[in-house]
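Just need the whole structure built from these sequences, with the hints factored in.
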Amino acid sequence: MADLIYAEAELFVVCLLLGAVLALVYDGVRIFRMLIPHKEIVVDIEDLAFWMFTAWMVFRTLFYYNRGALRGYAFLGMFLGVLIYMLTISRILMFLADKIVPCWKKGVGLVVRPIVSMKRSVIKTLKKALAEVKMAVKSR
Numbered sequence: 511m512a513d514l515i516y517a518e519a520e521l522f523v524v525c526l527l528l529g530a531v532l533a534l535v536y537d538g539v540r541i542f543r544m545l546i547p548h549k550e551i552v553v554d555i556e557d558l559a560f561w562m563f564t565a566w567m568v569f570r571t572l573f574y575y576n577r578g579a580l581r582g583y584a585f586l587g588m589f590l591g592v593l594i595y596m597l598t599i600s601r602i603l604m605f606l607a608d609k610i611v612p613c614w615k616k617g618v619g620l621v622v623r624p625i626v627s628m629k630r631s632v633i634k635t636l637k638k639a640l641a642e643v644k645m646a647v648k649s650r
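Residue numbers for the sequence shown follow our numbering, beginning at 511 and rising by one.
No wet-lab data here; the hints were simulated from the structure.
Ideal Cβ placement from N, Cα and C applies to all residues, glycine included.
Possibly wrong hints are sitting among the right ones.
Derived pair list, reagent style DSS-like, types lysine-lysine, alpha-carbon separation capped at 25 Å [what the hints assert, rightly or not]: (1) Lys644 - Lys634; (2) Lys634 - Lys549; (3) Lys648 - Lys637; (4) Lys648 - Lys629; (5) Lys549 - Lys648; (6) Lys648 - Lys638; (7) Lys629 - Lys609; (8) Lys629 - Lys616; (9) Lys549 - Lys644; (10) Lys629 - Lys615.
Here are the computed distance ranges between Cβ atoms for each label pair [what the hints assert, rightly or not]: (11) Lys634 - Leu534: 40 to 50 Å; (12) Ala565 - Pro624: 44 to 54 Å; (13) Pro547 - Leu606: 13 to 23 Å; (14) Leu534 - Arg581: 18 to 28 Å; (15) Leu593 - Ile555: 25 to 35 Å; (16) Phe569 - Ile602: 43 to 53 Å; (17) Ile541 - Ser649: 55 to 65 Å.
What follows is the structure in structure tokens.
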């Protein structure tokens, strides 16, 4: 009997951690979306991929720890893991992301803008040279 209770307690704790980890993964997706704006269809595809990953992880965890049996306390553990994470770590992480991401974008922009500008001027110069070559070939 004690082994059964230990196994159930272990599953509950694992599900708490799983819920927190899955919420952390979703925060990663949210930060990625902050860094690179997406069209609605891409967001939908990302969400679908996340939920497929979530379903796979839940199935894998329940199968490994509980031979696939669905137990209410396991789902309660996952829910509480997500809730605790969202009320604590997620708030801090997303607050920091809101501050860091715009600075990061600005810094990247300072590096990328001159490169893009040089690329444009090189392309413009090459187009002029190509046009001159075409004119020279036509005039022969």
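A quick look at each hint next to the structure:
1. This hinted pair checks out: lysine 644 and lysine 634 have alpha carbons roughly 15 Å apart, not beyond 25 Å.
2. Distance hint between lysine 634 and lysine 549 is unfulfilled; the C-alpha atoms sit about 31 Å from each other, more than 25 Å.
3. At most 25 Å may separate the alpha-carbon atoms for a hinted pair to count; lysine 648 and lysine 637 meet this at roughly 16 Å.
4. Using a Cα cut-off of 25 Å, the hinted pair lysine 648 and lysine 629 is violated, with the two alpha carbons roughly 28 Å apart.
5. Between lysine 549 and lysine 648 the CA atoms are separated by roughly 46 Å; this puts the pair beyond 25 Å, and the hint is violated.
6. At roughly 15 Å between alpha-carbon atoms, lysine 648 and lysine 638 fall within 25 Å of each other, so this suggested pair holds.
7. Note on lysine 629 and lysine 609: the hinted pairing is violated, with a Cα-Cα distance of about 31 Å set against a maximum of 25 Å.
8. Between the alpha carbons of lysine 629 and lysine 616 the distance comes to roughly 20 Å, so the proposed pair stays at or under 25 Å and holds.
9. For the suggested pair lysine 549 and lysine 644, the alpha carbons sit about 41 Å apart, so the restraint of at most 25 Å is broken.
10. For the suggested pair lysine 629 and lysine 615, the alpha carbons sit about 20 Å apart, so the restraint of at most 25 Å is met.
11. Distance hint check for lysine 634 and leucine 534: the Cβ-Cβ separation is about 46 Å, which falls inside the suggested range of 40 to 50 Å.
12. As the Cβ distance of alanine 565 to proline 624 is approximately 45 Å, the hint placing it in 44 to 54 Å holds.
13. Hint check: proline 547 to leucine 606, Cβ distance near 20 Å, so the stated range 13 to 23 Å holds.
14. In this structure the supplied range 18 to 28 Å holds for leucine 534 paired with arginine 581, their Cβ-Cβ distance being about 23 Å.
15. Here the CB-CB span from leucine 593 to isoleucine 555 is close to 27 Å, well matched to the stated 25 to 35 Å.
16. Between phenylalanine 569 and isoleucine 602, the C-beta spacing of about 30 Å breaks the proposed range 43 to 53 Å.
17. A beta carbon spacing of about 58 Å between isoleucine 541 and serine 649 agrees with the range 55 to 65 Å that was offered as a hint.
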